[in-house]
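Protein chains: 4
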Amino acid sequence: MSGSIIGKNIQISTWGESHGKALGVVVDGFPAGMELCEEDIQKFLDRRKPGTSSATTPRKEDDLVEIMSGVFEGKTTGTPISMLVRNTSQKSSDYSEIAEYYRPGHADYGFDTKYGFRDYRGGGRSSGRETIGRVAAGALCEKLLGQMGISVCAYTKAIGSVEIDYSKFDKDAIAQNPTAMPDSEADQKAMDLISQARSDQDSLGGVIECCIKGVPAGVGEPVFDKLDAILARSVMSIGAVKAVEIGDGTRVSSYYGSDNNDAFSISKGNIVKETNHSGGILGGISDGSDIVLRAYVKPTPSIARTQHTINKSGNNIEINIKGRHDPVVVPRAVVVVETMCAHAILDLMISNMSAKSENIISFYRNNK
Amino acid sequence: MSGSIIGKNIQISTWGESHGKALGVVVDGFPAGMELCEEDIQKFLDRRKPGTSSATTPRKEDDLVEIMSGVFEGKTTGTPISMLVRNTSQKSSDYSEIAEYYRPGHADYGFDTKYGFRDYRGGGRSSGRETIGRVAAGALCEKLLGQMGISVCAYTKAIGSVEIDYSKFDKDAIAQNPTAMPDSEADQKAMDLISQARSDQDSLGGVIECCIKGVPAGVGEPVFDKLDAILARSVMSIGAVKAVEIGDGTRVSSYYGSDNNDAFSISKGNIVKETNHSGGILGGISDGSDIVLRAYVKPTPSIARTQHTINKSGNNIEINIKGRHDPVVVPRAVVVVETMCAHAILDLMISNMSAKSENIISFYRNNK
Amino acid sequence: MSGSIIGKNIQISTWGESHGKALGVVVDGFPAGMELCEEDIQKFLDRRKPGTSSATTPRKEDDLVEIMSGVFEGKTTGTPISMLVRNTSQKSSDYSEIAEYYRPGHADYGFDTKYGFRDYRGGGRSSGRETIGRVAAGALCEKLLGQMGISVCAYTKAIGSVEIDYSKFDKDAIAQNPTAMPDSEADQKAMDLISQARSDQDSLGGVIECCIKGVPAGVGEPVFDKLDAILARSVMSIGAVKAVEIGDGTRVSSYYGSDNNDAFSISKGNIVKETNHSGGILGGISDGSDIVLRAYVKPTPSIARTQHTINKSGNNIEINIKGRHDPVVVPRAVVVVETMCAHAILDLMISNMSAKSENIISFYRNNK
Amino acid sequence: MSGSIIGKNIQISTWGESHGKALGVVVDGFPAGMELCEEDIQKFLDRRKPGTSSATTPRKEDDLVEIMSGVFEGKTTGTPISMLVRNTSQKSSDYSEIAEYYRPGHADYGFDTKYGFRDYRGGGRSSGRETIGRVAAGALCEKLLGQMGISVCAYTKAIGSVEIDYSKFDKDAIAQNPTAMPDSEADQKAMDLISQARSDQDSLGGVIECCIKGVPAGVGEPVFDKLDAILARSVMSIGAVKAVEIGDGTRVSSYYGSDNNDAFSISKGNIVKETNHSGGILGGISDGSDIVLRAYVKPTPSIARTQHTINKSGNNIEINIKGRHDPVVVPRAVVVVETMCAHAILDLMISNMSAKSENIISFYRNNK
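Chains as they are written, first to last, in the numbering used here: chain S, 1 to 368; chain Z, 1 to 368; chain C, 1 to 368; chain B, 1 to 368.
Take the hints with a grain of salt, since some may be wrong.
Treat identical chains as interchangeable: a pair holds within one or across any two.
Mimicking EDC-like on lysine to aspartate or glutamate, the simulated pairs with C-alpha atoms at most 16 Å apart in a straight line are [unchecked claim]:
id: 1; residue 1: 75; residue 2: 112
id: 2; residue 1: 143; residue 2: 358
id: 3; residue 1: 75; residue 2: 38
id: 4; residue 1: 21; residue 2: 66
id: 5; residue 1: 21; residue 2: 73
id: 6; residue 1: 322; residue 2: 202
id: 7; residue 1: 189; residue 2: 163
id: 8; residue 1: 75; residue 2: 358
id: 9; residue 1: 143; residue 2: 40
id: 10; residue 1: 21; residue 2: 38
id: 11; residue 1: 49; residue 2: 39
id: 12; residue 1: 43; residue 2: 62
id: 13; residue 1: 171; residue 2: 209
id: 14; residue 1: 312; residue 2: 112
id: 15; residue 1: 143; residue 2: 38
Please keep in mind that the hints were generated in silico from the structure rather than gathered at the bench.
Construct all of the structure, not just a fragment, from the sequences and the given hints.
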């Protein structure tokens with residue numbers, strides 16, 4: 001059954017395998033009239049491009065986006081926006097061996113059981129390259145959110161045991177640091193840790209944090225399309241993510257209610273919360289404060305050191321995975337988390353437009 | 001926009017407010033031919049019933065389910081199964097005061113902003129009573145899973161700072177202990193902590209763990225309807241849940257790849273994993289091992305001690321919330337997590353039936 | 001798989017069997033703030049009530065609606081609106097015989113093949129009583145459309161060979177004439193034809209026309225959620241409907257383009273169409289003129305005269321269907337067509353609110 | 001809101017404008033393991049290719065399909081199948097004039113109202129070229145149906161006043177006759193009529209019939225995803241279709257029940273219907289007999305003769321539409337109706353696989 005489509009108002013349909021002809025996405029339902037050019041998308045794709053530092057695979061992937069439909073005279077038309085990125089540098093020969101066995105920590109065994117066989121080249125559909133379509137689609141959403149004064153900002157919070165220090169938070173550093181950390185000291189320590197892991201033929205995981213500022217109160221559709229539920233699904237659907245939390249997340253389980261409750265107060269005529277343990281979401285609806293989400297990312301399963309596994313003939317074997325793999329996927333996954341959040345938020349903001357009957361009535365009165 | 005429907009093959013549509021006439025659910029797409037009586041549902045609803053110990057509110061709610069449609073001669077007919085529970089003991093007078101202000105930690109402010117007003121009686125639609133429909137629907141799913149040899153078992157892993165000791169795990173104790181912990185010593189400690197919190201006019205959070213045994217490999221639809229993504233959305237949509245994790249969850253972020261990868265091996269002719277850090281899901285598809293999920297639950301926001309907040313007129317005020325509230329919702333939420341997981345799993349198991357073209361062909365050949 | 005839910009923004013989930021405890025509907029996504037009481041719904045249900053004339057079955061069905069949720073202090077709250085009608089006068093004994101055979105023109109054989117068995121009492125889920133939920137849900141939509149100046153008006157255009165004469169069209173007569181024809185002369189002739197059919201132990205079909213006035217241009221979502229496509233699905237899903245047409249419908253197949261094209265012109269500053277062969281829809285989008293749809297209804301399959309069929313044991317048999325059946329369902333189906341159209345239109349009007357990015361931006365600017 | 005995606009299990013997401021870079025489709029949820037090459041798709045696309053006779057536009061459109069993803073080693077992988085056709089011969093200059101006015105019978109006015117502007121080149125998204133994606137997607141479905149012994153066959157039943165004579169029905173003639181009629185005499189008469197219309201600077205409509213053989217009983221999901229409802233929506237969503245009917249369709253409205261009911265009988269051990277007025281569908285579920293559907297197609301709105309309309313400045317004007325237009329779209333639309341029906345049937349056949357709980361149980365028992 002169909003599983004590669006997400007969203008209600010803006011439906012994203014991604015396609016493509018790591019070593020197929022191309023990867024892409026169709027964005028259906030994106031509203032008309034927004035200025036859009038390929039550069040708007042490219043700058044997001046460049047953030048997930050590898051090869052820019054020793055934190056990532058040395059594979060070269062240019063990943064140039066082409067807009068195939070849905071834009072006319074520089075503006076979105078309201079009809080489906082199809083975008084694609086051609087695969088160019090993929091060398092399938094690297095992967096012929098893995099066709100015969102099931103890599104630990106990978107979806108190989110699941111795919112074979114489910115579909116009877118799999119495109120084993122570079123992970124096929126379960127490759128991290130699958131996220132190209134997501135990022136391209138989410139880039140559109142993030143642009144439109146920006147026009148409404150809403151900023152979506154993801155960054156690396158931790159790699160392995162190295163965590164950022166919020167007192168050194170520098171937003172501009174995110175784009176410059178190879179780890180996408182907003183703290184340049186932590187970035188340096190994390191780069192050292194990555195070097196060590198690489199020389200140990202091992203890999204690392206980490207934590208990505210995303211902060212969304214400017215979402216008005218009222219966004220989210222109880223009880224199943226709550227804002228946090230939709231964000232959790234969007235972010236958990238990213239390959240290596242194993243946990244998602246909102247606000248203080250796992251920590252709230254050991255709080256007392258008197259600590260966890262965020263008091264509302266009036267400050268200079270505005271409704272504010274004195275704290276934000278809730279991460280901007282109460283009862284599945286945005287409360288007007290910053291929305292804060294964290295994704296916990298597992299270490300790259302493809303490592304060079306010897307591992308035990310089985311082959312398709314049912315024998316226990318030892319393997320050494322070849323190929324050029326990221327020692328940690330966190331820095332490249334930052335933009336994926338960010339754009340998936342952007343899509344989820346915008347989609348629910350559209351849903352919210354018809355929450356009151358008076359909104360519908362006044363829309364049609366004003367547009368007569 | 002519609003937000004109270006979940007599922008693809010088996011669609012659950014819940015309705016009802018805490019103090020309305022009734023609460024209920026329509027389960028559309030549930031397969032025909034399963035034996036079903038009200039007692040099958042009632043035993044699940046009884047697990048979320050309050051008043052059975054000092055761990056819960058002393059409110060009395062009988063919550064008797066009525067099946068209104070979709071069952072004939074003791075079996076499901078394949079047509080929508082409508083179930084409802086009448087509200088009987090709700091006293092709306094307790095709540096008149098809260099109509100005028102926004103309770104910290106509650107959805108009051110979000111609801112008012114979104115819809116223009118709200119049914120303030122007992123939290124209305126954002127009450128924990130909303131989960132009655134979820135549990136009734138999930139109970140059906142759990143019964144059918146049971147007929148396939150799949151067990152879904154949730155329990156309390158922690159309340160506040162008290163955690164279970166897995167070496168004392170006793171499945172039978174879950175149903176008997178007021179905290180729904182599988183460790184009776186921890187249960188006793190947790191009950192003491194709850195007493196203390198209650199006398200401090202405070203509340204506690206906790207952790208619910210759910211373990212699903214017997215799901216075959218291959219379940220989950222990449223890339224957005226991955227098994228973990230769908231589980232995360234289902235569980236995060238439960239009122240007080242602020243984080244969801246699969247397998248080792250948040251901890252994997254600090255693992256090395258060599259630690260986190262689960263080696264496959266052949267044991268007595270079967271494919272097994274030597275460890276289960278993945279929590280039974282790789283690449284969004286079940287891998288045949290136990291599926292393990294944890295939900296982190298915040299402390300009950302309604303507490304008796306004085307809190308700061310604002311009223312609808314825009315004044316800073318102090319409040320003391322009255323009424324009979326749970327000092328911790330975890331024990332009652334266990335069955336909600338369990339049944340939401342049951343639904344998510346069964347729904348994706350149905351989706352998986354058409355993954356191979358040969359499955360479709362042979363189905364129609366066999367059913368001619 | 002789920003099949004009893006329709007709509008995108010306003011999702012209607014109907015349930016219930018002819019002789020079960022009750023029938024009903026959950027309306028999820030209906031906007032908040034509309035005044036609503038049971039009488040608003042009841043007056044629509046009364047239009048499908050039988051027993052009011054010899055054109056319908058003499059069965060007595062009071063069909064009193066109860067609103068169970070989603071309304072507070074006389075207004076919709078934005079949360080699911082659950083409505084139900086109890087079955088009271090159903091006599092199941094009439095139907096015991098039909099459990100054993102497949103009635104010609106009925107869904108009995110399909111249901112048994114699909115689900116393995118069926119609730120045979122009064123047709124179970126395939127009974128015309130299933131439409132109670134549709135009408136209740138559509139009544140809400142029609143009320144909101146009315147507040148936007150949009151009228152939805154269905155009536156009987158033909159019964160058997162008797163057709164209305166448009167020169168005698170009297171809108172007020174629709175509610176008064178037992179056939180729901182807007183032409184009282186045709187009504188009288190149709191009543192005579194019905195009497196004749198009844199005494200011949202036979203039944204009649206007919207045509208229902210629905211005209212929707214006031215829908216602004218721009219409603220409908222190309223290319224699959226076109227306004228005509230969604231209307232066609234909604235109306236064809238009504239039990240006895242075998243054809244649906246928009247505007248001049250089947251007749252356009254023999255027109256020349258020069259006849260069929262409706263010229264646009266400016267009249268008193270407004271854009272008008274000089275003719276309306278298109279029935280108000282061009283390219284799947286409303287064009288601002290009246291939307292005109294027709295549904296062709298088959299004759300009631302339950303007739304008293306002797307018929308050939310087979311029983312479940314695989315024998316050719318002769319049957320005489322007992323019970324009190326409508327000699328023609330058209331008059332009672334008029335309100336079903338009308339309310340299904342109302343839902344389809346309102347649902348797509350909501351979708352249209354996000355067609356332009358500037359609409360979204362200005363909505364959030366105005367609602368700050 | 002998203003409107004270019006259709007289907008539940010196999011979701012088709014089409015994209016592309018008449019004069020954009022390309023047109024295409026993503027087919028998500030198509031089952032794995034079916035052999036597939038571009039030629040399988042191309043032969044369907046060739047049936048909608050123009051320029052092969054005087055019945056169509058002399059424009060040359062090669063419309064060569066490329067499969068971009070979802071196929072590996074000659075078989076579908078279960079992951080999204082992306083296909084595209086590049087636009088090559090489109091000359092946008094022909095269309096610059098129509099940017100300024102609203103063509104009668106076209107969606108121009110609706111698009112401008114809805115989206116604020118439109119891609120006017122060749123009709124943009126509302127062009128008949130939009131159906132390329134539909135045909136490519138439906139071709140996959142028709143291939144899989146073929147492997148189950150199900151044939152889907154559409155043909156021209158009428159063009160203008162010329163109708164086929166069923167006594168001369170020759171299935172092989174459909175592919176050879178330029179009108180796609182199965183009756184070569186009628187084809188010749190229709191070609192003469194087309195010539196006449198063309199020289200009159202006018203256009204013609206017609207009727208397409210589709211007959212699906214081999215669908216087992218039980219397919220269709222009451223009450224809204226009935227087989228006829230889903231077929232009606234799919235076919236009505238095709239550009240020029242203004243009416244859809246099943247079986248005897250509009251004619252049943254004037255039948256008596258005793259004429260319309262199809263008697264079941266046992267013949268050589270099989271359940272058969274003695275007649276097929278129902279067109280193979282009863283109560284929204286297939287009854288095992290041939291499924292018969294007709295689509296009524298309006299005459300091409302783009303005609304060369306002078307027409308009245310308005311321009312965007314609000315002036316009444318006279319226009320003469322230039323360009324190379326089909327005098328009748330029916331022959332080219334035949335394959336569109338056929339493939340849309342193939343998709344609808346296959347999609348509902350998959351839904352039907354989980355109608356009985358025993359089907360699900362035995363699937364998982366057999367696939368262990």
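Results for each hint:
no. : hint         : result
1   : 75 with 112  : between (43 Å within a copy, 14 Å between copies)
2   : 143 with 358 : between (28 Å within a copy, 13 Å between copies)
3   : 75 with 38   : within (11 Å within a copy, 33 Å between copies)
4   : 21 with 66   : both (14 Å within a copy, 10 Å between copies)
5   : 21 with 73   : between (28 Å within a copy, 13 Å between copies)
6   : 322 with 202 : within (13 Å within a copy, 56 Å between copies)
7   : 189 with 163 : within (9 Å within a copy, 34 Å between copies)
8   : 75 with 358  : between (30 Å within a copy, 12 Å between copies)
9   : 143 with 40  : within (8 Å within a copy, 40 Å between copies)
10  : 21 with 38   : between (20 Å within a copy, 14 Å between copies)
11  : 49 with 39   : within (15 Å within a copy, 35 Å between copies)
12  : 43 with 62   : within (12 Å within a copy, 35 Å between copies)
13  : 171 with 209 : within (13 Å within a copy, 37 Å between copies)
14  : 312 with 112 : within (9 Å within a copy, 43 Å between copies)
15  : 143 with 38  : within (12 Å within a copy, 37 Å between copies)
Checked against the numbered hints given earlier, the structure satisfies every one of them.
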